[in-house]
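Enquirer: The chain contents come next:
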Amino acid sequence: MGHELTTEDFGKLFERQAQRLGEAHFLVMYWAAQGEDLDCRYNITNSFDDMKRLGITRTKQTAVAIVEALAALCFIEVREERNRKNIFITTYGAKALEALVLSGRFAPRASGYLEEQAKK
Amino acid sequence: MTIGIGGAGSKIAAKLDNAAVLVNVSETELNKVPGGARRILASVHAARGQFKGSRKNPEIGHDAYQSIRRELLAMVRGDVVFSSTGGGTGNGITTGILNDLTKASDISTSDKTSFGLILPYAKLESSEFVSNTIEFLTGPLAAAIDSGNTGNIFLFSNKKKFEEKESEELYNQQLVESLRVFLSIPDKNDKYRLLDGHIDHEDFALFMSKPYFNHFTYFDYDPKVPFGDQLEANSNPYLLAPEAAIEALFLLEVPKGGDPTLFYDILQYFAGKDVSPIYSVVENQDRQKPLVTVSLLYSRKPAELVDDFNRISEGHVQAKVKKSLDQWVELPKMEVNMETEARRAVKQRGDREDVLATLRRLGKL
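Protein chains in written order, with my numbering: chain A, 1 to 120; chain B, 1001 to 1365.
Any given hint might turn out to be false.
Claimed, not checked - Using 30 Å as the maximum straight-line C-alpha spacing, the simulated DSS-like pairs for lysine-lysine come out as follows:
{"id": "1", "chain 1": "A", "residue 1": "Lys52", "chain 2": "B", "residue 2": "Lys1364"}
{"id": "2", "chain 1": "B", "residue 1": "Lys1364", "chain 2": "A", "residue 2": "Lys85"}
{"id": "3", "chain 1": "B", "residue 1": "Lys1188", "chain 2": "A", "residue 2": "Lys119"}
{"id": "4", "chain 1": "A", "residue 1": "Lys12", "chain 2": "B", "residue 2": "Lys1364"}
{"id": "5", "chain 1": "B", "residue 1": "Lys1289", "chain 2": "B", "residue 2": "Lys1188"}
{"id": "6", "chain 1": "A", "residue 1": "Lys95", "chain 2": "A", "residue 2": "Lys12"}
{"id": "7", "chain 1": "B", "residue 1": "Lys1364", "chain 2": "A", "residue 2": "Lys60"}
{"id": "8", "chain 1": "B", "residue 1": "Lys1364", "chain 2": "A", "residue 2": "Lys120"}
{"id": "9", "chain 1": "B", "residue 1": "Lys1224", "chain 2": "B", "residue 2": "Lys1191"}
{"id": "10", "chain 1": "B", "residue 1": "Lys1289", "chain 2": "A", "residue 2": "Lys95"}
{"id": "11", "chain 1": "B", "residue 1": "Lys1188", "chain 2": "B", "residue 2": "Lys1210"}
{"id": "12", "chain 1": "A", "residue 1": "Lys52", "chain 2": "A", "residue 2": "Lys120"}
{"id": "13", "chain 1": "B", "residue 1": "Lys1273", "chain 2": "B", "residue 2": "Lys1289"}
Hints were generated in silico from the structure; no laboratory data involved.
Taking the hints into account, I'd like the entire structure generated from these sequences.
Expert: Shown next as C-alpha cells:
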C-alpha cells in the first residue's frame, strides 16, 4: 500500500465528489432533508415520482441509480422500513448539499410529494 | 474669512489665508493640508470621521454636511468658500451649502457668500469628476444663481495645470497669487496716492456680493495698443474664459510721474460695451510701467457651462467606446427584465438560506 491519505487529501476527495454531483443528486439530498424536517418518510418511489414530474428521468432505474450513487458516497442512508426504502441525509450529505447550495450551481425545486405532506 | 472644503478647496484656502477654516470628511485628509487655522471634521459614521474621504462620491460629502450644517451656514455668510466641483467632499458639502442658501430669504448684501469653484480639466481628468461637475452645475449651482443669494462665483480651471504639466503646489501657488492681486484692490486704494476715482472696501464688497461669474485679470498696460486687444490677450489662465461683461471694475496703477489720464481709453472701451465700470487710478512708485487689474462680471447660463462640459465629456466617452470596439469586444444583446431578475435573486437567496436552515435544524450541519 502507498502512503496514507492526509486530512488535506480527504478534503480534496470530498470536494471532487461534490463537484461531480448533478442536479438530480442535489434534489434527492434536498428532498430527503426536507422530508426529515417535515417528520415524514421520503422513499425511493417518492423520489422517482418527483424526478419524473420535473422531467429529470422517465425510468425508475435511473432514479434508483441516483439514489444508489449517493448512498455509495455515504451522502444518504437508505433504510428498509415496512417494505419501503426510506432515504435519510447523512452529515456528509449535509456538507455536500451545503457546498452545492453555496456554489449556486443548482436551485431547489419543490417535491410534489412533500408539498402534499406539508399541507396535512 | 476663507473656508476651504475638501482636499482641493482646503489647499487653496489655506494658501490664501492663514486664518482659513478647513473642512473635510476625513481626518487624514484634513491633517495633510498645511496652513490654515481651524479644522472641521464633517462626519457621517463615526465621531472621528472616516479616514478614506468621499471616494469621488458626492453623496458621502452631502451626508457629512448634515453634521456641520448649522455651524457652516453661519460661517459662510460674507465669506469666500473654495471647493472643487469634481470630488466627493467638495461637491457634496458645497451642494448642501448652495441648496440652503437658495432657500434662504434674508441674506443681506454684506452676508453674501462668494464661491471659488475648481473645475476639472475634462480632457485628462477622471470621468467621475466631469460627471459630478455637470450635476453640480445643472443642480445646486443653477438654483443658487437663480435665487440671487450668492456673491461672485469664480470658476477656476485646471486646464493650465494639465496642459503645462505643472505641479499641484506650483499651480495652487500661482492661482492664489493671482487671486491676491485682485483682492488687494481696496488695500491699494488705501495705501497709494489716489489720482482718479476710488474703490474703497465697501465698493469692493458690493461688487463681490453680486451673483455673477467673476473673471479677473491683470497685465502691464500699453497705452499704444487698444485696451480690448490687450484684455483678450491677457485673460486669466486660471479662470474659465469670460463672456460679455455685465459689470466691470478696474484699478490702474501708474508709475510715479506717469500719465494719470490713461484710464480714459479704458472707460471708452467699456462704454462701447455698454458697461459703466467702477474704477480708480493710483500712483505706485514701485512700478516701471502702468499695471491694470480688471474684473468682469458676466452671466453664463449654467446650461451653457454644462454644454461646454458635455461636449468634452461626450468626446471622452466616445473615445472610450471606440477603444472598446477597436479591441473587437462583442457585446451580446441581453434582454433582462429587472423585475424578474430581482425576484429570482431574492427567491434564490431565500431558498439557499432555507436549505441551510433545514440542515442546521436537523443537526446535520
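Enquirer: Hint by hint, note whether the structure agrees.
Expert: Outcome of the hint check:
1. A:Lys52 - B:Lys1364: 28 Å, holds
2. B:Lys1364 - A:Lys85: This hinted pair holds, its Cα atoms lying about 21 Å apart.
3. B:Lys1188 - A:Lys119: It is violated: about 92 Å lies between the C-alpha atoms, which goes past 30 Å.
4. A:Lys12 - B:Lys1364: 21 Å, holds
5. B:Lys1289 - B:Lys1188: This hinted pair holds, its Cα atoms lying about 16 Å apart.
6. A:Lys95 - A:Lys12: 14 Å, holds
7. B:Lys1364 - A:Lys60: 28 Å, holds
8. B:Lys1364 - A:Lys120: 25 Å, holds
9. B:Lys1224 - B:Lys1191: With Cα atoms ~28 Å apart, Lys1224 (chain B) and Lys1191 (chain B) stay inside 30 Å; holds.
10. B:Lys1289 - A:Lys95: 88 Å, violated
11. B:Lys1188 - B:Lys1210: 22 Å, holds
12. A:Lys52 - A:Lys120: 23 Å, holds
13. B:Lys1273 - B:Lys1289: 26 Å, holds
In this structure, the hints that do not hold are numbers 3 and 10, in rising order.
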